[in-house]
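With the sequences and hints as input, model every part of the structure.
Going by full-length UniProt numbering, the sequence shown opens with residue 1, and the numbers climb by one from there.
No lab work stands behind these hints: they were computed from the structure.
We put the CB at the ideal spot given by N, CA and C, even for glycine.
Careful: at least some of the hints might be erroneous.
DEER-style ranges, computed between Cβ atoms [claimed, not checked]:
#  : residue 1 : residue 2 : range
1  : Glu81     : Ile39     : 52 to 62 angstroms
2  : Lys257    : Glu182    : 17 to 27 angstroms
3  : Lys265    : Glu182    : 28 to 38 angstroms
4  : Glu182    : Gly247    : 19 to 29 angstroms
5  : Pro54     : Val91     : 45 to 55 angstroms
6  : Ile39     : Lys77     : 50 to 60 angstroms
7  : Arg74     : Gly36     : 52 to 62 angstroms
8  : Val203    : Lys173    : 26 to 36 angstroms
9  : Asn246    : Val195    : 17 to 27 angstroms
10 : Val45     : Lys77     : 43 to 53 angstroms
11 : Gly254    : Arg197    : 15 to 25 angstroms
12 : Glu85     : Val45     : 51 to 61 angstroms
13 : Ala11     : Glu81     : 52 to 62 angstroms
14 : Ile59     : Gly36     : 30 to 40 angstroms
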Amino acid sequence: AGNRALLVCCAALAFIIALEIRGIPVGLNKVVLWAGRFILFLALVTIIISFVTPWISWITWKNICTVPQEEKERQQKLLREKQQEQLSKRVNLHAENVLKPREELKLQKKKEKYGKTQRWTLSQGYRLGEAEEGVNKCSDSAHGTESANNEALRKRKLPEQVTKPLPKDEQPKPRKVIALPEEPSEVGDGVITIVLRCPSGRVFKRRFYTSCTSEVLLDWMKKLGYHPVIYTIYSTFPRCQLELKNGSSLEDIGILKDMVLNVEKKDS
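Written out as structure tokens, the structure is:
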């Protein structure tokens, strides 16, 4: 706004100077009159511009908005087709210049690799040293000395214990199934109750006949999780290891009444 006012003042001053140069006397009244006319002219031009500019903008916007919807869709379709065509050209160019040479190079490498390995992959094959053994023996017999090739073959030949087939695995021995005798239902003649105290602190109680073999105590101990190789059975007082012999009964080893026995580790 300040620049415009300065420009107007400069224009008025230039107009007055031009009148003075032409010899036209310019009085104060005339200066005020011309200044008023000039200001009125500027005001009129400003009013015209303020009214005409929105009208021109409205007409332009109306012309833009009156474009048919079908025309817009047609233009968008043409634009999409053009973009799709450009994209297809770029894809085809990439496939032709990059992907196709890469696939051809891979195929060429596969052919070269197959050509190198085809000879031995299609043959029946030999064990280590069998194919060259006959040829090397003939050449050695002709020269009377052992060749370097035959010597290398002899050194890399596997020993007999490695090449001979392994024997078939022997059938595993069947595991012994621990079956304790039936427990008597009531206490009576020939029936005793044995309490077995384990190293873990647990106590187990069971009734047996005195006619049962003494090994039934070992089976009972093993069934509870204590193997006879590591553990054995001791009497409480006096502390001594029970002699559990094969074929001897509980009565034979001195167990004739109810008794408490201990499971302990064997003395090393």
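task: Check each numbered hint against the structure and report the violated ones by number, ascending.
output: none
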